[in-house]
Amino acid sequence: MKEKGEENGMSVIVKVASCVLAVPVIAFGVYVILHGHLTPGGGFPGGAVIATIVAMILIAGGGERAKSLNKELLSFLESAGLVIFALLGLLGIGTTFFYNFLANSGSFFGMKIPFGINPGYMWTGGVIPPMNMAVGLEVFAALSLIAVVMFTHEEDEND
Amino acid sequence: MQTIRVFTLVVMFAFLLLMALSLRPFGRPDNTDMDDYFIEHGQAETGSNNIVSSVVFDYRGMDTLIEGSVLFTAATGVLLVLYRRKENERKR
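Same order as they appear, the protein sequences are chains L and H. Heads up, the first sequence is in the numbering used here, so the first residue is 2 and it goes up one at a time. Heads up, the second sequence is in the numbering used here, so the first residue is -10 and it goes up one at a time.
Heads up, some of the hints might be wrong.
Below are the SDA-like pairs computed for lysine to any residue, each with C-alpha atoms no more than 20 Å apart in a straight line [stated by the list, open to error]:
id	chain 1	residue 1	chain 2	residue 2
1	L	Lys68	L	Ser12
2	L	Lys113	H	Tyr48
3	L	Lys68	H	Arg49
4	L	Lys72	H	Pro18
5	L	Lys68	H	Leu68
6	L	Lys68	H	Val44
7	L	Lys113	H	Glu34
8	L	Lys113	H	Leu10
9	L	Lys113	H	Glu29
10	L	Lys72	H	His30
11	L	Lys113	H	His30
12	L	Lys72	H	Leu68
13	L	Lys72	H	Ser58
14	L	Lys68	H	Ile40
15	L	Lys68	H	Leu69
16	L	Lys113	H	Ile28
17	L	Lys72	H	Tyr72
18	L	Lys72	H	Phe61
19	L	Lys68	H	Val70
20	L	Lys72	H	Tyr48
21	L	Lys72	H	Thr65
22	L	Lys72	H	Leu69
23	L	Lys113	H	Ile40
Per label pair, the in silico range of CB-to-CB distance [to be verified]:
id	chain 1	residue 1	chain 2	residue 2	range
24	L	Ala23	H	Val0	50 to 58 Å
25	L	Phe29	H	Pro14	31 to 39 Å
26	L	Pro120	H	Arg49	43 to 51 Å
27	L	Ile118	H	Pro14	26 to 34 Å
Think of the hints as simulated: they come from the structure by calculation, not from any bench. Cβ atoms here follow ideal geometry from the backbone N, Cα and C, with glycine treated the same way.
Let's have the full structure, built from the sequences with the hints guiding it.
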């Protein structure tokens, strides 16, 4: 429980540190998502990494920050990620559901890769990298939406 | 009552120990057909260096779709229980 005139959230040091830390953490999460077809990781862990920074800023910044976040936008991003993922699976319906129609086609993310050990080319993987991005978006939006809604609920009860 | 509990515990523990001892040695699974297929053809078929990624998003894409919808359902449930309407924010 907070006093009436007391400032929201934690001290200035924690607020500034969380904002400074946000840049490398978000960069790392985006890296994990974008390199999902080359390195360990992918959409789920990368989205969770980005969502942690939302939770961290919420805890550090208190209720005002939670109010400033757009819950409708997060909900829309969550739904959009899942719909894009399902549509990408549906696009390969000519063969089967979730057929990788882009792999080795030479077009979008369709570079052929040499079998065995290779340096890891970004422009490969067919439909996997777009699916990773869609799932990353969905996981990030869903987890941060849960954090924001739980946090604002708590704040409302305290007021 | 106490003896039944102890007896059940001992039997379960013995069963688990027996099962653990009768496992196959590490690195030598029984049926390797599917693993070999993924390792040999996965990189060429999906163009992805990461075999786990190619299994999760290509061979078993349906599983990942349901997994994503589980997370979606979880977020929807949290919203359903905890979300406050705009009028509550206006009141403050």
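Tested hints:
1. In summary, the hint linking Lys68(L) to Ser12(L) is supported, as the alpha carbons are separated by about 19 Å, within the 20 Å threshold.
2. Between Lys113(L) and Tyr48(H) the alpha-carbon distance is near 19 Å, which keeps this suggested pair within the 20 Å criterion.
3. With a C-alpha separation of about 39 Å, the suggested pairing of Lys68(L) with Arg49(H) is violated against the 20 Å cut-off.
4. With a C-alpha separation of about 48 Å, the suggested pairing of Lys72(L) with Pro18(H) is violated against the 20 Å cut-off.
5. At roughly 15 Å between alpha-carbon atoms, Lys68(L) and Leu68(H) fall within 20 Å of each other, so this suggested pair holds.
6. Only pairs whose Cα atoms come within 20 Å are accepted, and Lys68(L) paired with Val44(H) is rejected, the gap being roughly 40 Å.
7. Only pairs whose Cα atoms come within 20 Å are accepted, and Lys113(L) paired with Glu34(H) is accepted, the gap being roughly 10 Å.
8. For the proposed pair Lys113(L) and Leu10(H), the alpha carbon gap of about 45 Å is over 20 Å, so the pair is violated.
9. Straight-line distance between C-alpha atoms of Lys113(L) and Glu29(H) comes to about 16 Å, which keeps the hinted pair within the 20 Å bound.
10. Between Lys72(L) and His30(H), the direct Cα distance comes to roughly 43 Å. Violation of the 20 Å bound is thereby established for this hinted pair.
11. As the CA atoms of Lys113(L) and His30(H) are separated by approximately 13 Å, the hinted pair is consistent with the 20 Å bound.
12. Taken as a hint, the Lys72(L) and Leu68(H) pair is honoured in the structure, with Cα atoms around 10 Å apart against an allowance of 20 Å.
13. Of the supplied pair hints, the one linking Lys72(L) and Ser58(H) holds, its CA atoms being roughly 19 Å apart against a limit of 20 Å.
14. Simply put, Lys68(L) and Ile40(H) have alpha-carbon atoms about 42 Å apart, too far for the 20 Å limit, and the pair is violated.
15. Taking the CA atoms of Lys68(L) and Leu69(H), the gap is near 18 Å; set against the 20 Å cutoff, the hint holds.
16. Pair hint Lys113(L) plus Ile28(H) holds up; C-alpha atoms about 17 Å apart against a cutoff of 20 Å.
17. Between Lys72(L) and Tyr72(H), the direct Cα distance comes to roughly 10 Å. Compliance with the 20 Å bound is thereby established for this hinted pair.
18. Proposed proximity of Lys72(L) and Phe61(H) is supported: the alpha carbons are some 14 Å apart, at most 20 Å.
19. Proposed proximity of Lys68(L) and Val70(H) is supported: the alpha carbons are some 18 Å apart, at most 20 Å.
20. Simply put, Lys72(L) and Tyr48(H) have alpha-carbon atoms about 34 Å apart, too far for the 20 Å limit, and the pair is violated.
21. A distance of roughly 12 Å separates the Cα atoms of Lys72(L) and Thr65(H); the hinted pair therefore holds under the 20 Å criterion.
22. Under the criterion of a C-alpha separation no larger than 20 Å, the hint pairing Lys72(L) with Leu69(H) is consistent with the structure, at around 13 Å.
23. A threshold of 20 Å between alpha carbons decides the hint, and for Lys113(L) with Ile40(H) the separation of about 16 Å falls inside it, so the pair holds.
24. At roughly 54 Å, the beta-carbon separation of Ala23(L) and Val0(H) lies within the given 50 to 58 Å, and the hint holds.
25. Checked against the given bound of 31 to 39 Å, the beta carbons of Phe29(L) and Pro14(H), roughly 38 Å apart, stay inside it.
26. Between Pro120(L) and Arg49(H) the Cβ separation comes to about 27 Å, which falls outside the hinted range of 43 to 51 Å.
27. For Ile118(L) and Pro14(H), the Cβ-Cβ distance of about 28 Å falls inside the hinted range of 26 to 34 Å, so the restraint holds.
In this structure, the hints that do not hold are numbers 3, 4, 6, 8, 10, 14, 20 and 26, in rising order.
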